[in-house]
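Undergrad: Starting from the given sequences, assemble the full structure and let the hints guide the process.
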Amino acid sequence: MEGLDGLIGRLLEARINRGKRIQLIESEIRQLCITAKEVFLRQPNLLELEAPINVCGDIHGQYPDLLRLFEYGGFPPDANYVFLGDYVDRGKQSIDNMPPPCIQIIDDKIFCMHGGLSPELNNLEQLRAIERPMMCPTKGFVTYFDKVAEFLMKHDMDLICRAHQVVEDGYEFFADRQLVTIFSAPNYCGEFNNAGALMNVDSSLLCSFQIVKPWRGKAPQLE
Numbered sequence: 001m002e003g004l005d006g007l008i009g010r011l012l013e014a015r016i017n018r019g020k021r022i023q024l025i026e027s028e029i030r031q032l033c034i035t036a037k038e039v040f041l042r043q044p045n046l047l048e049l050e051a052p053i054n055v056c057g058d059i060h061g062q063y064p065d066l067l068r069l070f071e072y073g074g075f076p077p078d079a080n081y082v083f084l085g086d087y088v089d090r091g092k093q094s095i096d097n098m099p100p101p102c103i104q105i106i107d108d109k110i111f112c113m114h115g116g117l118s119p120e121l122n123n124l125e126q127l128r129a130i131e132r133p134m135m136c137p138t139k140g141f142v143t144y145f146d147k148v149a150e151f152l153m154k155h156d157m158d159l160i161c162r163a164h165q166v167v168e169d170g171y172e173f174f175a176d177r178q179l180v181t182i183f184s185a186p187n188y189c190g191e192f193n194n195a196g197a198l199m200n201v202d203s204s205l206l207c208s209f210q211i212v213k214p215w216r217g218k219a220p221q222l223e
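Counted the way full-length UniProt numbering counts, the sequence shown spans residues 1 to 223.
Everything labelled a hint here was simulated from the structure, so no lab data went into it.
Glycine included, each C-beta is placed from N, C-alpha and C at the ideal position.
Where hints are given, some of them may not hold.
Cut-off 25 Å, straight-line C-alpha distance, at most; resulting in silico cross-link-like pairs (BS3-like, lysine-lysine) [what the hints assert, rightly or not]:
1. Lys-20 x Lys-213
2. Lys-109 x Lys-154
3. Lys-154 x Lys-213
Quick list of the computed label-pair ranges, beta carbon to beta carbon [what the hints assert, rightly or not]:
4. Gly-6 x Glu-168: 23 to 31 Å
5. Trp-215 x Phe-173: 46 to 54 Å
6. Thr-35 x Asp-176: 38 to 46 Å
7. Arg-177 x Leu-12: 31 to 39 Å
TA: Here's what the structure looks like:
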């Protein structure tokens, strides 16, 4: 089997030929999953990152839209990215295959996560102590305005950045702009007419957004 760089090169051929069918055999996909898992598990649960950086929400396996995000924000390794989860979805062993770090903090001021704040989270050391892979909880919690402000004040942070739900314009603020939801899969599941968004965080921690508009007609599919 060709090396990882060779596989990436093949996948990036779709940049030139929109809708081109990129075929990977089972052993290649399996090796990619194994390699990704090893990389993820070498990283801490709580990643402490530096700006400038781009933040993406759910992509749900919409590969053509991932390429569009890279066209907006720059292709790695020339640009750095945080993905907030839901890269793939609804497989029986997705958790085992993709055990990414739970939380990312950008320059001690922007708290990035997938879903919402847990009422059981008292300090950041609890996050560092989590053993992965782990099962997702069977229920969630509603995050209220006062809890967002309380969390940010307690940890001396400025913004919570999360994903997990479709928002029409690709991003949406809550709690007096102290929390932002980012969703990066336009035309989600082919059933919504939502845009996707990419949040750019510059070196001064100024946040701006690039909008990935919904496809007109049928989005290209890669197989």
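Undergrad: Give a verdict on every hint.
TA: Now for the hints, and whether the structure bears them out:
{"no.": "1", "hint": "Lys-20 x Lys-213", "in the structure": "holds, 21 Å"}
{"no.": "2", "hint": "Lys-109 x Lys-154", "in the structure": "holds, 12 Å"}
{"no.": "3", "hint": "Lys-154 x Lys-213", "in the structure": "violated, 37 Å"}
{"no.": "4", "hint": "Gly-6 x Glu-168: 23 to 31 Å", "in the structure": "violated, 39 Å"}
{"no.": "5", "hint": "Trp-215 x Phe-173: 46 to 54 Å", "in the structure": "violated, 25 Å"}
{"no.": "6", "hint": "Thr-35 x Asp-176: 38 to 46 Å", "in the structure": "holds, 42 Å"}
{"no.": "7", "hint": "Arg-177 x Leu-12: 31 to 39 Å", "in the structure": "holds, 36 Å"}
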